[in-house]
Amino acid sequence: SAVISQKPSRDICQRGTSLTIQCQVDSQVTMMFWYRQQPGQSLTLIATANQGSEATYESGFVIDKFPISRPNLTFSTLTVSNMSPEDSSIYLCSAMGTEAFFGQGTRLTVV
Amino acid sequence: GQNIDQPTEMTATEGAIVQINCTYQTSGFNGLFWYQQHAGEAPTFLSYNVLDGLEEKGRFSSFLSRSKGYSYLLLKELQMKDSASYLCAVTPPGSSNTGKLIFGQGTTLQVKP
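Respectively, the protein sequence lines represent chains A and B.
Note that this note's numbering has the first sequence beginning at 1, numbered continuously upward.
Note that this note's numbering has the second sequence beginning at 1001, numbered continuously upward.
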């Protein structure tokens, strides 16, 4: 299956700042997805990143807090804006090939 | 909406067989996935069921009953490396939802010697 390179793998950030996470896929994919996995929890879908249009956000997530870019069919970014300690989590991107495959995840700690 | 339930934790012995159940109440779905996730790592694909029945892949098998809203993952000949979280996920209906996954809370499996 295809490979997604996600970076950074981890970061420690000050509250009030923003972090942009990048995902690069080694093949073209129509849609990419961003998930959050809070400590000890399962994955929750944040949004679907569509190339050429605005991202589609799930209930409880808004564009101002989690702006997403999808400039082409192999790349997407998620920004976590104005961070607070509650945003400490693992963020994962995924794309669909024969099955949904995932980037390695970004472990974010907000202090 | 979707509601997906799995046991939170399970313990089994090396060499044994374990069955992890997943029940769901959804407004419809395209298919059901099982993923394995080791601590600190990304989920990795195990199986995908669309039709009713059993799909076997080596030591892992997955079963689906759409009419009962029920799936299970069967792990045979358990190894210590099988200690991980196992995530059940469904794809909502509609082509626009292809690749979009709604996850259950995950089952943490501990394999003991």
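Since the hints were made in silico from the structure, they are not lab data.
For glycine and all other residues, C-beta sits at the position ideal for the given N, C-alpha and C.
Hints may contain errors.
[Claimed, not checked] Calculated from the model, a selection of chain A residues having no Cβ within reach of chain B, i.e. all distances over 12 angstroms:
1. 18
2. 48
3. 67
4. 69
5. 71
[As the list claims (entries may be wrong)] Computed, partial: chain B to chain A, Cβ under 10 angstroms:
6. 1037
7. 1047
8. 1048
9. 1060
10. 1087
11. 1098
12. 1100
13. 1101
14. 1102
15. 1111
16. 1113
Against the structure, the hints:
1. 18: Holds, since 23 angstroms exceeds 12 angstroms.
2. 48: Non-interface label on residue 48 of chain A violated, nearest chain B Cβ at 6 angstroms vs cutoff 12 angstroms.
3. 67: holds (19 angstroms)
4. 69: holds (18 angstroms)
5. 71: Holds, since 19 angstroms exceeds 12 angstroms.
6. 1037: holds (9 angstroms)
7. 1047: holds (9 angstroms)
8. 1048: Residue 1048 of chain B check passes; min Cβ-Cβ to chain A is 6 angstroms, inside 10 angstroms.
9. 1060: violated (14 angstroms)
10. 1087: Cβ of residue 1087 of chain B sits 6 angstroms from chain A, so the hint holds.
11. 1098: holds (6 angstroms)
12. 1100: Where the cut-off is 10 angstroms and the nearest Cβ of chain A is about 6 angstroms from residue 1100 of chain B, the hint holds.
13. 1101: Cβ of residue 1101 of chain B sits 6 angstroms from chain A, so the hint holds.
14. 1102: holds (7 angstroms)
15. 1111: violated (19 angstroms)
16. 1113: The hint is violated - residue 1113 of chain B has no Cβ within 10 angstroms of chain A, the shortest such distance being about 25 angstroms.
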